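Starting from two chains that each stand alone, build the complex the way the hints lay out.
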Amino acid sequence: MLKYLIFICTMGLTITTFAQQPSNEKQPIVQISGGYSRHIKHDLDGFSLDITGMKAIGKKWFLQYGGGFQQYWGVDKKFDQFLNSFDAPTLQLETLSPLRLQTAGIQLQAGIGQKINRNLCFGFNILGRYQGTSVPESYVVVDVSSNMGSGIQIIDPGYRIDNSPEQQLTAGANCYLLYAPWSKKWWLPGIKLIWQYDLKNNILLSTHFNWAVKFQ
Amino acid sequence: MDNDKFKKQSQEILSSFTQDPPDRVWHAINSRLDARKRKRRILFWLFPLSILAGVISIIPEQQTPKIKPDNPQTHQQQSASKANQLPAAEIAERAQGQQETTQLNDVSVQNPSNKASESNPVKTTGKKHKLKEAYADELMQSETENTANPIEAYQSQELPFKALSLVEPVWQSEITSPKPINHYPSVNKDTMIILTCVPQKSKPGKLISWHYSGAYSFHGTGDLEGMQLEWGFSKTINRYFAFYNNVGVSLHGGSVVQPLNLNILVGPSAALPVGQGSVYEITSAIQTAPTLLGSVPATPLRIGVGGLLRYQFYSGGNGYSVQRNQNMQTFTLRDGNYNGLSLGYRVVVGLELLNTKRNKLQFQAGFQNDTRGDVITGLGLSWQYTKQ
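Residue numbers (the numbering used here), protein chains in the order written: chain E, 138 to 353; chain R, 17 to 404.
So that you can see chain R by itself, here it is in the shape it has in the complex (with noise of 0.2 angstroms):
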């Protein structure tokens, strides 16, 4: 009975307090809560961020274009003139792909309308930036000249400051921007950040090639005939010149009278005729003659002019006298001048018949004149092979 009694008088007494906790209770369970949840939110976005920042962080070194050598002043030409031609939505889009195809070294794009931006934007990491810098502000200050009312620009769907383009090629070492726009103060809201990026560039590499040569060639007149081989290498200087060193060699050959059939001569009854042969002239040489290689623009014509130092040997002397009997026919010689050494010039014109991406096939045709009169002409082939 004493139990039953004490339970119900517990009872009693617990029933006057609520089962409720107070507001501030549940406030601070809670926050509690939330400060949990946060956390793992942040741990749970942490691992991906982390990735895509090391991504991020990749992708520009990646996708830096290799431009190629052979003409990169032309594709700089046609970047910066594109830009100066689209509209700002697609400048802006070109802007943003220059910018992730160009290695910005620590540029930092701050609030136009920020004052403590005018002073230093862009970190610079060399003199030559400043340089560029100056370059740009200056470039920016013309273009502000020049438009009257940026704001009716802008309104009219003009872009009211044009990307920049530096025309003198920029070199890796070079890279640089300019600094954010802020000349227009009053233009706070919307405004079109443009860091106008010059695409990175390597330096334009002289190819070497290598050139082989032959022809069949005149010495004179034509009175002597053979050939001409030769062997050199060129090195380009631009798009449309190079320059050729090389050493050649020359061999050419002819008979001093033509052979006569003396029987003709004395009648078929004479004596069978002994010596119908002629003195026979050679000329040979060996030669260099840097060119300076040219080609006409659109055409499959190669221009090429240079000097000539030549020696050469020579068989024949300083004449000669025939005579004839009835039967012989001799040659008497005067002493004269056989080897010496020559200045001169030569001029080659050549017509492209193939180009491979190593290789080009061209039909050639030379002229050549030196101090001691020796002319030479010839036509022949000409083989290049570019080392990649």
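Isolated chain E, as found in the complex (with noise of 0.2 angstroms):
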């Protein structure tokens, strides 16, 4: 619910934020950035890039369009959760490793923004993205050894996996509030925060260094 909420004030934000004073500067500008994100729904860290181009179609507005890419992985933590369910002197691990969670998506993305003033600029994105993930939804760790009576248990971890992951091609929109306070002639350094949300649910925070390139 909250996730909702989020996106809602976040759309209105958007909007109230169109209406603001313009920027004069029309040159075309190629953006790349990248940096941290999360991924909020698979509780995983990583990293994103986007690059996104902007061309000036009025005083206050901006189309942007580009793709992006994110990748995040991780280490199953339920694993260590149920080794730690064991007394250590009777432990005998057979097998050692940990299932991967590793979700990566890829996605083009086209909206519109605005600069509210010199140093700050807003934008909306409508996506469309591919995401594969081995995450899956439901699974379970289990003891799969068959103790043979030796006085000695001998723990053998393996996953029970109820549903398959699978790739997913869904919709979704994001929006973003770039603070370029150190702009140049030719290019714009800056710092970028980027929420997303898709029809999957996945929620996707970012802070990415931005670095813009201005065409004349």
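These are computed hints drawn from the structure, not numbers from a lab.
Source: prediction; values computed, not measured.
No residue lacks a Cβ here, since even glycine has one placed at the ideal position from N, Cα and C.
Among the clues, some could well be false.
[Claimed, not checked] Some chain R residues flagged as far from chain E (calculated, every beta-carbon gap over 12 angstroms):
{"id": "1", "residue": "H43"}
{"id": "2", "residue": "Y256"}
{"id": "3", "residue": "E297"}
{"id": "4", "residue": "P313"}
[Said to hold, decoys possible] If you want the footprint, here are the derived chain E segments under chain R, 3+ residues with CB under 8 angstroms:
{"id": "5", "stretch": "234-245"}
{"id": "6", "stretch": "292-299"}
{"id": "7", "stretch": "305-316"}
In structure tokens form, the structure reads like this:
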């Protein structure tokens, strides 16, 4: 419920921001941004990259279009929890590796944006996203060992996966806030905050270092 | 009475005088009149002549051809080859046309019989012009040696000296003209002087194109499927080749084992099985593949070959153990190498579907292999936008 509330509030903030004062810069701009990102649904950390082209369509607005790539990875935490549930003196592991969790996404996006002032920029994008993940929706760690009565408890953890994850093709939206106070003649370094949501309930939060090139 | 007598006497005296002035007076008057007429004629022609001179001085700059930089060598070779095949009159007209459309800086044309013209009839402004003159003289010498009797050639309506063609490109700052031809002193009358001028050329610009590519692709032997996206730009090297720099991402995934219907294995009377799912492998990567793109002449085929630098993330390990019992399927994992950097190569073959002035769309098939053993094959579309 909270994520829907945040999404609606962000949409409202985006629409409100569109009425702010414009920028006079009309050069095409190519933005390359990248940085830390977090996948809220899968509880994974990673990074994301974006390439965006921007073109002014008036005194107030600019169009933007581009693509992005996200990569998140981690190690299953249930594995350690499972091992910790046994007494250490009787533990003998046959299998040592936890499940590797990985989520990656490729997306194409297009939208509209506006500069709030000379240093602050806000934008909104509609996106199509292709995501693949190795994170199952439902799984448990079980002991699959067969104790032969030797007096030593042998633990052989294994994964029982109830539903295989699938690759997802979905649609969504994101919005960003770009702060670029160090504007130069040709390039615009800045910091970018991105919030993204799609129809498969994936929520991504990203903090990017933004590097933009202005074309005259 | 006295007055009448005075009139008569004066009339008698004056009747001896003739009214016609002498001829020299008339000549003097005529010469003065002619001088006034000449002044008026000069004043009359001075104004239109000045306008005409101004127009002539402007026309060569306006008519300077803008040669497209896509195939400058072809244009030059065509003009040179055609000039060698045309008869003398047409070549003269063409040479005159080229003279109009060529920037000739300080070219002075003199009578070939004038020996003074042999010294320096062409004023040059740079050191390279001297080299050009030497090169032109060498070519003229060779032409003279090849022609046995230039007078006979002239009488037989053959061009006694061919139009000079410089094979190498001549840029705008290097425009020059060879000397007026004076290698045939016996042909003084009606000698046709051809100033062979290489048309002005602008340096061929390197066009920059943006590329956007997407492909449906397979990783490995087809067990992982996914897609690739790529973005980059290319610069033309010449008519057939371009260098393409890019950055791309790929994402592939697939199940380790196909989900089994355990009801079939244990029978419908068994307990409802759980754990029908499978471990899912994901490979995702960021890569750059600097590629030399080439086009096959007269065909819509495009071929690209290049290196590959790829960083890949991999969720699978070195292997899995799948255990099944009556109502459960479990996986045990072995640790392995997950992420890493690799080098490789890539080959791309494209078929051009659409080609406009700025946009090109081509169907593209790609194959790549790297040192980690990852093989990716893909089929997709590539859109190329050329910035004019």
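**Request:** Check each numbered hint from earlier against the structure, then list the numbers of those it violates in ascending order.
**Result:** 3, 7
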